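Position chain B against the provided structure of chain A, taking the given hints into account.
Number of protein chains: 2
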Amino acid sequence: MRIRQYVLDLMREHRNTDVSILSERELCRKFGVTRPTARKALKALIEEDYLYVKPGRGMFVRAERLEAAPVRRFKRIMVVIGDGGLSCMDGFFMSVLEKLCGTLKHLPVHLQVVPLDVDHDCAVAEIEMYNPDGILWVRPGEKGKKLIGELREKIPVVTLGLVPDGDPYAVTCDYTEAGRLSAQWFRSRALKKIVFLQDRPGAIRESVYNGWRSAFPGYDESLHYRDRTQENEQSSVRELVAFLESRKIDGIFTFASYYPVLDAALKQTGKTGIPILSDNNYCNFYQVATLPSVELRMFPSEVPEAAAKLMFRILIDPGFKPKKEKVIRPGIRDFPPPGTS
Amino acid sequence: MRIRQYVLDLMREHRNTDVSILSERELCRKFGVTRPTARKALKALIEEDYLYVKPGRGMFVRAERLEAAPVRRFKRIMVVIGDGGLSCMDGFFMSVLEKLCGTLKHLPVHLQVVPLDVDHDCAVAEIEMYNPDGILWVRPGEKGKKLIGELREKIPVVTLGLVPDGDPYAVTCDYTEAGRLSAQWFRSRALKKIVFLQDRPGAIRESVYNGWRSAFPGYDESLHYRDRTQENEQSSVRELVAFLESRKIDGIFTFASYYPVLDAALKQTGKTGIPILSDNNYCNFYQVATLPSVELRMFPSEVPEAAAKLMFRILIDPGFKPKKEKVIRPGIRDFPPPGTS
Numbered sequence: 000m001r002i003r004q005y006v007l008d009l010m011r012e013h014r015n016t017d018v019s020i021l022s023e024r025e026l027c028r029k030f031g032v033t034r035p036t037a038r039k040a041l042k043a044l045i046e047e048d049y050l051y052v053k054p055g056r057g058m059f060v061r062a063e064r065l066e067a068a069p070v071r072r073f074k075r076i077m078v079v080i081g082d083g084g085l086s087c088m089d090g091f092f093m094s095v096l097e098k099l100c101g102t103l104k105h106l107p108v109h110l111q112v113v114p115l116d117v118d119h120d121c122a123v124a125e126i127e128m129y130n131p132d133g134i135l136w137v138r139p140g141e142k143g144k145k146l147i148g149e150l151r152e153k154i155p156v157v158t159l160g161l162v163p164d165g166d167p168y169a170v171t172c173d174y175t176e177a178g179r180l181s182a183q184w185f186r187s188r189a190l191k192k193i194v195f196l197q198d199r200p201g202a203i204r205e206s207v208y209n210g211w212r213s214a215f216p217g218y219d220e221s222l223h224y225r226d227r228t229q230e231n232e233q234s235s236v237r238e239l240v241a242f243l244e245s246r247k248i249d250g251i252f253t254f255a256s257y258y259p260v261l262d263a264a265l266k267q268t269g270k271t272g273i274p275i276l277s278d279n280n281y282c283n284f285y286q287v288a289t290l291p292s293v294e295l296r297m298f299p300s301e302v303p304e305a306a307a308k309l310m311f312r313i314l315i316d317p318g319f320k321p322k323k324e325k326v327i328r329p330g331i332r333d334f335p336p337p338g339t340s
Numbered sequence: 000m001r002i003r004q005y006v007l008d009l010m011r012e013h014r015n016t017d018v019s020i021l022s023e024r025e026l027c028r029k030f031g032v033t034r035p036t037a038r039k040a041l042k043a044l045i046e047e048d049y050l051y052v053k054p055g056r057g058m059f060v061r062a063e064r065l066e067a068a069p070v071r072r073f074k075r076i077m078v079v080i081g082d083g084g085l086s087c088m089d090g091f092f093m094s095v096l097e098k099l100c101g102t103l104k105h106l107p108v109h110l111q112v113v114p115l116d117v118d119h120d121c122a123v124a125e126i127e128m129y130n131p132d133g134i135l136w137v138r139p140g141e142k143g144k145k146l147i148g149e150l151r152e153k154i155p156v157v158t159l160g161l162v163p164d165g166d167p168y169a170v171t172c173d174y175t176e177a178g179r180l181s182a183q184w185f186r187s188r189a190l191k192k193i194v195f196l197q198d199r200p201g202a203i204r205e206s207v208y209n210g211w212r213s214a215f216p217g218y219d220e221s222l223h224y225r226d227r228t229q230e231n232e233q234s235s236v237r238e239l240v241a242f243l244e245s246r247k248i249d250g251i252f253t254f255a256s257y258y259p260v261l262d263a264a265l266k267q268t269g270k271t272g273i274p275i276l277s278d279n280n281y282c283n284f285y286q287v288a289t290l291p292s293v294e295l296r297m298f299p300s301e302v303p304e305a306a307a308k309l310m311f312r313i314l315i316d317p318g319f320k321p322k323k324e325k326v327i328r329p330g331i332r333d334f335p336p337p338g339t340s
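Chains as they are written, first to last, in numbering that gives the first Met the number 0: chain A, 0 to 340; chain B, 0 to 340.
No wet-lab data here; the hints were simulated from the structure.
Just so we're clear, the structure is a prediction, and the values are computed from it rather than from any experiment.
Please note that the accuracy of each hint is not assured.
Because identical chains cannot be distinguished in the list, a pair is counted as satisfied if it fits within a single copy or across any two copies.
As the list claims (entries may be wrong) - Below, simulated EDC-like cross-link-like pairs (lysine to aspartate or glutamate); rule was C-alpha separation at most 20 Å, straight line:
(1) Lys29 with Asp82
(2) Lys29 with Asp116
(3) Lys74 with Glu232
(4) Lys29 with Glu141
(5) Lys191 with Glu244
Excised from the complex, chain A in its bound form (with noise of 0.2 Å):
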């Protein structure tokens, strides 16, 4: 059923061209056949005319029957996270993960989650086996930007997550008023002597950080901490216990992936008062010892939701275009305690 899916595929994909199809020995191994299952298939598959054999050259799809060929019913979505080689998902990319598979089980869609090979042409090669009908890509890395590009000249592709830049089929949310809000919530509590807590630097933090500066006119920049993100945890936690007790805290702002450095700063210094804020990658609150009071929802379920949307619409629907980028509106919330602990 896989190899006549894999033909069938092809011959879709190359709509007036009779290309050739892998041999015999590179089906078996690809999908994990035997011999005669693969001749199987392809017997019945010359039988219907959608195969035909070039003596010497193997096997070729019949591009004429094309119409004959019974319609796909699931469309095929693939995600792409990061870079596109990463293949370990942090509690962040598992909540993505979470809401695209609740949206998309409804739908008539087959999702496919693979790492792809970093190198250029082996991504490429690798899309093209897969042979998704459209992509989600979870904030693209440089490498991946340049690689949407090219694969947008035959597939739809959304991304998810990066920095508002006008794209119709980006779905996002308002980094910098993710910034602004945060400003707020302090101001709004008289709260004045915030450290903006920041470890790896990009555009996201960045626009977050222009947000903050925006809505806090009297903000104090020393209070502005950027560590060094040293590999070593510990010498992380040294700087920030030195940082923190060297000045007076009214509140912390942060992100999740800071988190475990700074709980264990907070442990050492007692400072275990101090009003939190910071956005939630679920997995870095596990077991620490002072939760945030507020989070800053910086990357709503919102997102993935209508991302998934978008793509299933695309898909269906050949003549929709999406007119402008879709920016979700980043919130504030109290914290919620943890399902697990």
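Chain B only, in chain A's frame:
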């Protein structure tokens, strides 16, 4: 950083042996980095004495330095589906992955979702490369089961959804009970002539049917319909229409995988008022004309949740050995309207 991770993982894995690492060239390929980057990472590791060079034989980890290596905070759990080579998830697998992600995102876990090469030796090599701490395997096929036996000599593998057989590392549900419950639902409503519609046979369907028979003493065997699962859906529908039209029917028990065929057949026969009980594979209810009246929770979401927690427990508590198989009770509930239609 990934090269460093790879080297430290290798050290942890081969405790007392100075094993050799991949060549510089292979490292570049595998982690998608340039030569200078790889060299920099290797140089640092050599300086810290985690690696040393055997002239002419490559680089080796220094096993005796294991204790100095920083502890890895995150456990790595690999999710494998079906025969392992599967790269397309339908609604069932998406709903499983949704719950796995929802549970694991709170825990210090990194999740890997990778299709394995179905060739036995390649699969073993790939698992070694990804180097997970544990594997969650959803409904392994025969090849998968064989592999699991071998893998368990090295790492824990928890299976999900197999027919219960006493394996303490399995989480599943009682399929026989699911059949019994379904029979009781019809009997308690004094519905007697129930079609038991079954497509692909298999151990799970067999268990359900056994339960069904045991709780339905007067069940008319001629109402047990086995589809020969033609490749062409139209002929499946035609056959089912003939079957349904030749009988008086009070109710239908079916599986979601077969639902689209049933829906088409019901439309043709006009028998759309008959109560239908079905298990739930969400995507198969997309835009059907007749929805089921009740849902058999044959694979409750407690299964993936419990499996994820069991795996995590095993990983963090080296002394913990599960005593018995976890079998979740199936249930029946009114069919909820799908979230998306």
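Each hint tested on the structure:
no.: 1; hint: Lys29 with Asp82; in the structure: between (25 Å within a copy, 13 Å between copies)
no.: 2; hint: Lys29 with Asp116; in the structure: both (17 Å within a copy, 8 Å between copies)
no.: 3; hint: Lys74 with Glu232; in the structure: between (44 Å within a copy, 17 Å between copies)
no.: 4; hint: Lys29 with Glu141; in the structure: between (30 Å within a copy, 18 Å between copies)
no.: 5; hint: Lys191 with Glu244; in the structure: within (17 Å within a copy, 77 Å between copies)
Checked against the numbered hints above, the structure violates none of them.
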